[in-house]
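J.: Chain by chain, the residues:
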Amino acid sequence: DAKTTQPNSMESNEEEPVHLPCNHSTISGTDYIHWYRQLPSQGPEYVIHGLTSNVNNRMASLAIAEDRKSSTLILHRATLRDAAVYYCIPTDRGSTLGRLYFGRGTQLTVWP
Amino acid sequence: GAVVSQHPSRVICKSGTSVKIECRSLDFQATTMFWYRQFPKQSLMLMATSNEGSKATYEQGVEKDKFLINHASLTLSTLTVTSAHPEDSSFYICSAREWDRDTYNSPLHFGNGTRLTVT
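Protein chains in written order, with my numbering: chain A, 71 to 182; chain B, 33 to 151.
Since the hints were made in silico from the structure, they are not lab data.
Warning: the hint list may mix true and false statements.
Unchecked claim - Quick list of in silico lysine-lysine cross-link-like pairs, DSS-like style, CA-CA up to 30 Å: (1) B:K87 <-> B:K98; (2) B:K87 <-> A:K73; (3) A:K139 <-> A:K73; (4) B:K87 <-> B:K46; (5) B:K87 <-> B:K52; (6) A:K73 <-> B:K73; (7) B:K96 <-> A:K73; (8) B:K52 <-> B:K98; (9) B:K46 <-> B:K73; (10) B:K73 <-> B:K96; (11) B:K46 <-> B:K98; (12) A:K139 <-> B:K73.
If you're wondering where the values come from, they're calculated on a predicted model, not measured in any experiment.
One chain only, chain A, in its complex shape (with noise of 0.2 Å):
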């Protein structure tokens, strides 16, 4: 499995953008890169993934660097329910069942 390095924590101010990085120097050329986010007693969340083209969704934006080493998530405008502990995933290519291991995550802490 592709290893994945993210700061453990983060803060922001409410409505300002947060840019949220992920390493994942050792992925395969086919695994996508998955983000994922987990708000406190809760199951995780969907948020966004992508192969090499930046991608956007009504939640995110995701950038992957050329040589897709490395990704980050941009939340545009952050809200107080974007307080949330932020996976970034790379998928299990060795498994055709697509099992996802979490690694420890950054938690994103937004001020009002």
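Mind docking chain B on chain A? Use the hints.
T.: Chain B only, in chain A's frame:
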């Protein structure tokens, strides 16, 4: 959107008893479901992959005789913690993909978890 429902959301049981947790995909079919466990302040740990109509696949170090998984239909998987002990107290979370999008590229949908406390 696709919804995964877990029941119960919270359960307290006595040491030595067994507890069953249900995971249902409400508006889609899932040939594969995944069970995770999460201890306080820690990340999710994948326990096993539940396969409809066949045996579950357990991750290394997870006791299959202790954590019984049954995936009886395309919408239901159950996890039974047998002879529970206080160290089994944890947050158990299931997840699933839609059957017709059952590739590793499509998003996983997670239940809201079951908080198990063994006294």
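J.: Each hint: holds or not?
T.: Here is what the structure says about each hint:
Taking the CA atoms of B:K87 and B:K98, the gap is near 15 Å; set against the 30 Å cutoff, the hint holds. Restraint check for B:K87 and A:K73: the C-alpha separation of about 29 Å stays at or below 30 Å, so the hint holds. As the CA atoms of A:K139 and A:K73 are separated by approximately 10 Å, the hinted pair is consistent with the 30 Å bound. For the proposed pair B:K87 and B:K46, the alpha carbon gap of about 28 Å is at most 30 Å, so the pair holds.
Between B:K87 and B:K52, the direct Cα distance comes to roughly 17 Å. Compliance with the 30 Å bound is thereby established for this hinted pair. For the proposed pair A:K73 and B:K73, the alpha carbon gap of about 20 Å is at most 30 Å, so the pair holds. Note on B:K96 and A:K73: the hinted pairing holds, with a Cα-Cα distance of about 27 Å set against a maximum of 30 Å. For the proposed pair B:K52 and B:K98, the alpha carbon gap of about 12 Å is at most 30 Å, so the pair holds.
Among the hinted pairs, B:K46 with B:K73 is consistent with the structure: their alpha-carbon atoms are about 24 Å apart, no more than 30 Å. For the hint pairing B:K73 with B:K96, the CA-to-CA distance comes to about 25 Å; that is within 30 Å, so the pair holds. Distance hint between B:K46 and B:K98 is fulfilled; the C-alpha atoms sit about 16 Å from each other, no more than 30 Å. Of the pairs offered as hints, the one joining A:K139 and B:K73 holds, with about 27 Å between alpha carbons and a cut-off of 30 Å not exceeded.
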